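There are 2 protein chains.
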Amino acid sequence: MTDPGPLRFGVVGADHLHLFSIVDGLVGAGARPAAHVPTGAFADAYAAWQTESVACSVDDVLGDPAIDLVVTVGIPAERAAVAIAAIEAGKAVVSAKPGVTSRAQLDAVRSATAGMAGRPWTVLFTERFENRAVVRAIDLVRQGAIGSVRRVSGAGPHTLDAPSRPDWFFDPARSGGILVDLASHQIDEFLTLTGDPDDAEVVDAAAGNVATPDHPAFEDVGSLSVVGGGAEGYHAVDLLSPSGLGTWGDVRLGIVGTTGTLEVRANIDVCGEPGPEHLIHVDADGARRVDLSDVRVDWAPRLLADVAAATESLMSQSHVLAVSALTLDARDRARDWGSGR
Amino acid sequence: MTDPGPLRFGVVGADHLHLFSIVDGLVGAGARPAAHVPTGAFADAYAAWQTESVACSVDDVLGDPAIDLVVTVGIPAERAAVAIAAIEAGKAVVSAKPGVTSRAQLDAVRSATAGMAGRPWTVLFTERFENRAVVRAIDLVRQGAIGSVRRVSGAGPHTLDAPSRPDWFFDPARSGGILVDLASHQIDEFLTLTGDPDDAEVVDAAAGNVATPDHPAFEDVGSLSVVGGGAEGYHAVDLLSPSGLGTWGDVRLGIVGTTGTLEVRANIDVCGEPGPEHLIHVDADGARRVDLSDVRVDWAPRLLADVAAATESLMSQSHVLAVSALTLDARDRARDWGSGR
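Heads up: the protein sequence lines correspond to chains A and B, in order.
Note that the working numbering gives residue 194 to position 194 of the first sequence, counting from 1, and the numbers run on in steps of one.
Add 1000 to the 1-based position in the second sequence for the working numbering, that's all there is to it.
Calculated directly from the structure, the hints in this document are not laboratory data.
Nothing here was measured: the structure is a model prediction, and the numbers come from that model.
Using N, Cα and C, we set each Cβ at its ideal position, and we do this for glycine too.
Some hints here could point you the wrong way.
[To be verified] A short, non-exhaustive set of chain A residues, derived as facing chain B with CB atoms under 7 angstroms:
hint : residue
1    : 106
2    : 201
3    : 214
4    : 258
[As the list claims (entries may be wrong)] A partial selection of chain A residues facing chain B, derived with a Cβ cut-off under 10 angstroms:
hint : residue
5    : 42
6    : 43
7    : 47
8    : 60
9    : 211
10   : 232
11   : 243
12   : 252
13   : 268
14   : 289
15   : 292
16   : 301
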């Protein structure tokens, strides 16, 4: 058996900065940037960065038998169509989150992936995969360090920085809205911590616009409550993070178990220790900051191995589908912010 | 007009340690401990502490015209009857929280207070009134330091320490259950921050027993979501706080406004700065710890002034009734923990 050589990927859609972290991970793990479609706000920057990548059409990417993986970071509402076409062309897909913005898109992706080996459709939930405090927190939970998980509290505030945002960001029809876009991270973490992607239900949700009058359809605040696996999760997201914070958002993840607690301060320990990635573990033995120096961010090699072998080591296809479905459930049942209706 | 002299109070019910902080405040503000009923788990300790107080019957306390105020810290389910009898005897009442454990009790208290001047029935929500970080956070909100309040996130974990708890603590019929007992603090804070006690609604709640199998009826975890005044509040309470924390619970209060955020770490800054009472303020100008050295805990003199003048400076009677009603609403609609039903 001959070595297949490095996996080659093509980029279709370049409308969010997540493109750069995804490709950085893939290239670092040995994949090669074969081709890209030269459209999207970040296409020029991408071409200048990955000079090996050849500009070509979507059909060229999908028709190239040397390309195994399609990376799609277009406008959220356009990602599912790319993913489905790529899967139907026999390729694996890595999508930025959110991977879908409507139930019709989700149903179509579900159909396209049905019966296929491995995980043809990956949505990369970066807050879980790229933050070493979150990675270690999940490891500790799996080792039983806090007993059984019974409460998960996630906060995902973001700085709006309106002038830096493209038009589609303010249009829920194209972005998916705040619960589909931002809360997908928190639902991913909840399902990962509670274990069974098919045992979860959104029981409350709300979204609204409280501070962005220039864009009345835009949602700048949201929350959702999800239950499953004997636990409850409450997840708060917003675009209200004050500009004086010093980073884009004071993202937190609190986990209450039957014998202990974990708290992640993902980006900043505000008015505390310097730097990002803080993890505090409390149990009967005491309270301590967990050393993260040996934590590896390894989603990219695991993803490439999954693509090569049609396996699901990074996460299951059903998990990705379940996260996406729950974000849509939350959006569809969301109350108007601050109201019971 | 002659000086009426110091206000005298009688104690009816001594079943929770809150008795000592309430009486400490009252005595420190100049009130005199006139009498107490010698029943309840802490009655002997109280008598040994306040040697000026005379042991007598309930009827003696209620019939003594020199006693203006009745302090009731009995078993929660028994407090309302004491309060109503005292109000009907023409006295003001200070109750430990919760002040009521059933809707019938609340209706009876509401009837007893209807049409009366001032605030005859005070339930002392100690987390707001005794913690200098909370006091200052509320001051800053009222000064506009974070714009309009749009999200309030409260966490009230407590150490169970089961051997130290009396039988009634494990019986929701006598304690009121976790949402009535513990979450009354958080609802009090939410209504204080959002302003209008009559514009609030519980939209989701859950309670359950996840780690206390010896007491199957006991609720050791709960949460509720409340909306009002254009804001949402999510409040998490539990008896799961790990014994290694170093204090009884890592109580937090997060407030997101349209232009900034406040975070209270009420009892401990876990793995951070020493001591209790921490307040972090973030806005466009930066992130800083707020100096609390000049914050006065002044609920007791304000309460005594309210009793003397039949005023409502500390809080309104309608606020106390609204907090109590919302805790009952939460309990009555609570889902089983981790379930959609």
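The hints, checked one at a time:
1. 106: violated (21 angstroms)
2. 201: holds (5 angstroms)
3. 214: violated (14 angstroms)
4. 258: Check passed: Cβ of residue 258(A) comes within 4 angstroms of chain B, closer than 7 angstroms.
5. 42: The hint is violated - residue 42(A) has no Cβ within 10 angstroms of chain B, the shortest such distance being about 28 angstroms.
6. 43: violated (33 angstroms)
7. 47: Status violated, d = 36 angstroms.
8. 60: Violated: closest Cβ of chain B sits about 47 angstroms from residue 60(A), beyond 10 angstroms.
9. 211: holds (4 angstroms)
10. 232: For residue 232(A), the interface hint holds, since the closest Cβ of chain B sits about 6 angstroms away, which is under 10 angstroms.
11. 243: holds (5 angstroms)
12. 252: Hint on residue 252(A): holds, closest Cβ of chain B at ~9 angstroms, below 10 angstroms.
13. 268: With Cβ-Cβ at 8 angstroms, under 10 angstroms, it holds.
14. 289: holds (5 angstroms)
15. 292: Status violated, d = 14 angstroms.
16. 301: violated (32 angstroms)
Consistency with the previously given hints fails for numbers 1, 3, 5, 6, 7, 8, 15 and 16, ordered from lowest to highest.
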